[in-house]
Every structure is written in C-alpha cells, then in structure tokens.
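Dock chain Y against the given chain E, drawing on the hints supplied.
The listed protein sequences derive, respectively, from chains E and Y. Per our numbering, the very first residue in the first sequence carries number 10; after that it's consecutive. Per our numbering, the very first residue in the second sequence carries number 10; after that it's consecutive.
These aren't lab readings, by the way, just hints derived from the structure by calculation. Any given hint could turn out to be false.
Same chains, same label: a pair holds when it works inside one copy or across any pair of copies.
[As the list claims (entries may be wrong)] EDC-like cross-link-like pairs, simulated, lysine to aspartate or glutamate; straight-line CA separation at most 16 Å: (1) 406 with 169; (2) 143 with 268; (3) 92 with 340; (4) 143 with 197; (5) 244 with 82; (6) 19 with 414; (7) 53 with 369; (8) 326 with 241; (9) 284 with 397; (10) 53 with 340; (11) 92 with 225; (12) 284 with 18; (13) 19 with 82; (14) 16 with 146; (15) 152 with 37; (16) 244 with 278.
2 protein chains.
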Amino acid sequence: MASFSFKIEKRFGDTLARAGVISTPHGDIKTPAFIAGGTKATVKALTPEQILSSGAQSVLANTYHLMLRPGADIVQQAGGLGKFMNWQLPTFTDSGGFQVFSLGVAYDKGIDAVSHSQKGDKKNAKATSNQLAKVTDQGVTFKSHIDGSSLSMTPESSMELQHLIAADIHMAFDECPAPLSERSYLIDSLTRTHNWALRCLTRHQELNDEHVARNEPLQALYGVVQGARHEDLRKQSASFLGSKDFDGYGIGGVFEPQEIPEVVKWVTETLPENKPRHLLGMGAQPADLFLGVEYGIDTFDCVAPTRQARNGALYTKNGRINITNAKFATDFNPIERDCECYTCRHYTAAYINHLFRADEILSATLATIHNEYFVISTVDAIRNSLIDDTYYDYKQKFLSAYYGDSYKQFM
Amino acid sequence: MASFSFKIEKRFGDTLARAGVISTPHGDIKTPAFIAGGTKATVKALTPEQILSSGAQSVLANTYHLMLRPGADIVQQAGGLGKFMNWQLPTFTDSGGFQVFSLGVAYDKGIDAVSHSQKGDKKNAKATSNQLAKVTDQGVTFKSHIDGSSLSMTPESSMELQHLIAADIHMAFDECPAPLSERSYLIDSLTRTHNWALRCLTRHQELNDEHVARNEPLQALYGVVQGARHEDLRKQSASFLGSKDFDGYGIGGVFEPQEIPEVVKWVTETLPENKPRHLLGMGAQPADLFLGVEYGIDTFDCVAPTRQARNGALYTKNGRINITNAKFATDFNPIERDCECYTCRHYTAAYINHLFRADEILSATLATIHNEYFVISTVDAIRNSLIDDTYYDYKQKFLSAYYGDSYKQFM
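Chain E on its own, in the form it takes in the complex (with noise of 0.2 Å):
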C-alpha cells in the first residue's frame, strides 16, 4: 500500500535546518521545496507542462474553494484532484479554515481585522465586517462567498471533503486567529483548535481505513500548530500535537519574515524532529525562504509569485520589477539575462512588456513561469546549499543582491 513518509538527508550545522525528501503516493518531494499555488485545481495561467517546467515537485489546492466550485464530489468523480487537473505528481489541500475564518469570525470576537487578512486588503475587511462566518466548538457556519449559501464545516467534514478531494497530504481543520488576538482569546481558540485536530485524526484514520478496504493508496495528514506569537501556546501547541500521530505539521498563523525567529523556531524546536513541516500561506518572498529553511521548515506555499507575475511585478535577483515600466518596451534583453526559465530563454522584456500592455492573456502565463521558477530554483538552490555546507554564503549573497544593504536585518 503507496503510503507517506519522511527522510532527513542532511542536517546543517547546529541550525535547525535539514534537507530531505517526502515520498507519497505520487512521488517524492526533495524539501526544503516550494509548493505551487493551485488553489482551484488549477495553477493559474499555467499548464501542467508550464507548471513542471518552472521545477515544481508539487501543488496545493484549497478544500474551501473546491467544496464551493466544482464540489468535492466532482474532483472525486473525477479521480481526485491529480486527476482532475492533470497533475501527475504530489499534492497538498489546505484544510480551508483560514479562508473559512477570514471571511469575518476573528473580527466578530473583537479581532484585528487588518490583521488577520494578512494585507488588510479591502476584500477580506469588508467580508469581515459582513460576519459571514461563526464558530462554535462544533465547527464554523459560514456564507458562500459565490451566491452567499449557508455552510458548516467542521473537522469532521472537512476530512470528509480532502478524501474526497484526495490529495496526498492534507491539513487538519483549525482555527486561525488574528496574532493580536487577546490571550484569553487565544487559549480558548487553542484548545478548540487542538480538540478539532483530534476529530480530524479520528475520522481520518478511519477514512484512510476504508482506502485501505478498497486498495486504494492512503492520504497524509498534517496538524496545524497556532498559538499567534506566544512563546508558551505556539510551544503547548507544538507539543500538544507533535505528541499524536500525525504524519507532519503546518505552522499557521505566521505572518511576516521577522516573525520566524521566533515564532518558527519555538514550534519547530519543540515538534518531533522526524516529521515535516510545512509554513502555511507564507514564504515567497526571498527572506522567508532563507529564514524558513534556517529555522526548519521544510516546505512552503504561497500563491504571492502567482499574483505578483499576473500585476507584471517580476522578481529578479536584484529585486523586483514591474515589467509593465515603460523603459522594457525596447528592452530586448530577458527579463533576466542568466535565468533559464522559459520565458527568459525565448522572450524578451520588450515582448513581455508589449503582452501586457495590450492585455494579452499570454502575459500572465510568460510572467508566472518567471516568478514560479524564481521562488521555486531559488528554494532547491538552498537545499544544495545544505548539502554542500555553502548555505550561509549562499544566503549572504543572494539576499545582498536583492535586498541590498536592508539585508542584514535577515542574517
């Protein structure tokens, strides 16, 4: 029976850093690794071929997003979700808590909004402000964002949903509280999150029996430690969790680069060491990155390059650009003369320019290949940097070149 495990290749010096490789029922993931944004079953704007060609070894799609559109039902129909997008190799659900709880129960117990949106952005503050969402210690009643029907998800059906939906490794269903939360708050939040993550265990186990009936391979599932940024809860929770059987763990609720000193190191000092550990929704940008990966976190998502290369803001290893910049329109140079993506091999700035002035749909495809293979070439640069015992020049040079003197706040 195809099953989940985990092997550490290498540790780096006295860090908490590790090199490894996760093998699943599709394969396996050489970590430290960046996993794609596909939140709908698709990665936006590429094929599966652009998708692999950009060096991803896997993607993360989104239980809440497919529960409302097609239906876990239809992703099962069809084979599950590989099946359905035309994805061969690993994948990652998020469990859709955080999507759940950001449309507005943080803010309707006296929580940050800001905050909790990550960005403040517009969209998740006015859907805050709506309440379109309540918890209780069964589960979260919520409106479709879509047509606004009333929906409940609870740790049970959220299982439910990801086996149906059948990734090769799921997140356990939590509560994800804005970090400037009030510590009454917070506790509460935590032991509910905790009590969620053993009903989430329960009934997957018990959904990973019935695979096992039918001969089919087993799913993965990962508890999410909170805790926001109290060294006592984020350890409680790290200990609390990593004491039950589960196959690795997302860390949730991490917000800023700065933060993972701290927040990361708390969580990944107290887990057990021979699991992974994946940052949920963070770690694009190239300090996040350094700083996960030194603090022991294996793999990332973040659906940021994505959004980013479609905007025409395209990272470099001098820093970011915006490509829409009148200057590239006579610019026949890639985007960046040494990368070997496909868009920098066969394109030019000028042409990427001209694509997206004109609003041609062919620029988003040719930007997300640039930033994807950016995040992702940059992530498996690290883990050699490991391997070879070169990570902190490594590290020192590329984050000098792109941050320049501001980098030294992340050594």
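Positioned in the frame of chain E, the structure of chain Y alone reads:
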C-alpha cells in the same frame, strides 16, 4: 536569397479546388491551410508551442494593431514579427486597411455601419458613428482607438510598416467598403483600391531591393481584390490586380458563406491560377472552409475560433457546444471523444467547465487549443481529401454531422 513561391500539387476534378505548397523564407505552408489569428503578435492565450500543437503552420498579425502598440519600429528592432513573438514558421500581416475603415469612413460615406462591421457589434458601430477615420485618394487619416491621437496610413506607409514588422507575406493597403454600399461609391472605392495597390507594389519593390542589398530575406505582397457583391466589379478587380506582379491575392469584403459560390468564384476564375489566394478575415465555420476550398481559396484567417473559445463556445463534429452549460459539470469525457488535440487528450469536459465557471485563465488556453485544432485539422483533412479524391464524400459526411439537415444548402 530566400523568397516566395507557390506550387500546385493537385487540382480536384473540374472544380476550382487545389492542394499546393506556399514556400516562404520561414518554411512551407501546405495548402489549403487555416492561418492562426495573431493580431497583436500573439495567438491569444497560447504559447508558440501550443500554437504548433494545434497544427498551425502560420500566424497572421495586424499592421494597424502593431503600429499602435508596441509600434512597428519595436517589432523591427526585435528582429521582426517571428522573432518578437518567438514563432519560427511563416507569418502574414494584414495591411490594417479593414481595421482603419471599420473606424468609420464607411459610415461617413452613408454606408450601413452594421453591414460593415460584419456582426454589427456595438464597439464598431460606436466607433463608426464617431467618424474616427476619413479617406482621401492619398490615404486615410484616423484616430487611435487606444489614445485618440491622430494618425494616417497611406499605401506607402502601410508597406513601410509591414516591411518593418517583416512578416513573410504582406497585404496591399485597400479600402474595404460595406457590401451594401451604393454602386457609385463602390466604383470610386475600387478605383482608389487599384491605385493604392499599384503604389503598394512600387514601394514594396523598393523596400525589397533594400532587403537584397542587406542580404535579408525578400518579403511577399498580395494584392487585395474588392468589388462587394457585384460580378462586374469583382471580375474587374481580379483582372486588373491579376495582371500585376503580386505574389498572391487576398480577397476582401466577403462576409457570409453563402457569398462564396458566387463572389469568390467570380474572383478565383479570373485571377491567375498559379498564385495563391487568401480569404481575408473569414473562414472558421465548417461551411466557410469547405466552400472556400471548393471555390479556389488556398488560405484562410479568422479570429472567431479563438474568440469563441474564450467564451466557452467549442466546436465539435456534431456542432458547437457551450462548455459552461451545467450538464458538462459532471461529464468526465473529453470535449470530443475522438479528438486528438492536447486538450481532449488530457482534460475532461467537467474540468474545463470548472475552469470557465471559476474564471480561470487556463480555460482560455485549453479551449483555444481545441478550437484551433478543430479548424486546422478540418482544413488539413480537406486537403487530404482533395489529394485522394474523396473530397465530396468527406464534405457530405462532415457537414451533415455538423449542421444536421440544413447542411444541404452548402452542397
């Protein structure tokens, strides 16, 4: 010096249909052939590899659009259209005449704007009523649809722009009057189009002499036949232009498949047989393709397959379907079971339905590949049926499946 030639390989019975090969400095086009629409130096939503996989042998861009954005000089600095867009096979440019005239000069002359804009779409009708373009014997002045700036195009400037853009095959700058214009206007217009054609030819030959001097490939020029629905004008135009040293001929101002057996026939019977004929801006519906070939057309272009694809209207052998229809949400077959296109080999109708409903960019890519493949492979099959003398059988079988009983109007 690489240059242009056309060879007829097979004439079909006593019809005007023929199979042949157009040779250009960037390779051959086996005819009859459907030329992919690449108006703004991109076939919308496709990479060049995806264009190739849809079977396309050649791409047609538009001088009017490229002169406005990014500018013909930028395309020239990039090494010409093919290098700019990373397309290595043959290319065409339309002169921009049709686009300039659809801005309003026809309406200004009392011509039915709805007829002129083919489908009476509101955008053209509005532009028309604003009289954005004015014609004189010298050329046309018009306002940019992008920024409203005043511009002009003459036969000479169209040639200069097309030589900068440097496609393999150019179209002479012509006036395209509405088909229901008064006869007196059509006669004036045709005289102007013929004078312009001669001026195009002169300037084109001068520019080709410069290419020879710089050891660059020669570019080819097609004269464009007009004359609306008048037999004498069409024959006069074909006879006049046919006696001049053009490399081939475009046929403009044909808007409905029902016109082909008359209008196209008048023209192709009159033109020299040994030069290729391109039906401008029409020819994506199966009836267009069959009737066009049967009445002597060698190449077609039309943006309808890609535009309809982006709206979810997909061609199948049994007629057009709307993939966004709810019944496709649970259809786990390909769009068309025996279709060999990339989309049908790898994706279900259910997945494409999901991508459209979720407003995902990949919907446009997958749908466009299918529609382009459908049209291109149909023309390729027509070509084969000419060569092995099964054309009429193939035509009846194909059109009866596509149109049902109403197919007989095209037989």
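Right, here's what the structure says about each hint:
| no. | hint | in the structure |
| --- | --- | --- |
| 1 | 406 with 169 | neither (46 Å within a copy, 49 Å between copies) |
| 2 | 143 with 268 | neither (28 Å within a copy, 64 Å between copies) |
| 3 | 92 with 340 | between (41 Å within a copy, 14 Å between copies) |
| 4 | 143 with 197 | within (15 Å within a copy, 74 Å between copies) |
| 5 | 244 with 82 | neither (37 Å within a copy, 63 Å between copies) |
| 6 | 19 with 414 | neither (31 Å within a copy, 71 Å between copies) |
| 7 | 53 with 369 | both (15 Å within a copy, 7 Å between copies) |
| 8 | 326 with 241 | neither (38 Å within a copy, 66 Å between copies) |
| 9 | 284 with 397 | neither (23 Å within a copy, 65 Å between copies) |
| 10 | 53 with 340 | neither (27 Å within a copy, 23 Å between copies) |
| 11 | 92 with 225 | within (14 Å within a copy, 49 Å between copies) |
| 12 | 284 with 18 | within (13 Å within a copy, 68 Å between copies) |
| 13 | 19 with 82 | neither (41 Å within a copy, 54 Å between copies) |
| 14 | 16 with 146 | neither (36 Å within a copy, 78 Å between copies) |
| 15 | 152 with 37 | neither (37 Å within a copy, 58 Å between copies) |
| 16 | 244 with 278 | within (9 Å within a copy, 86 Å between copies) |
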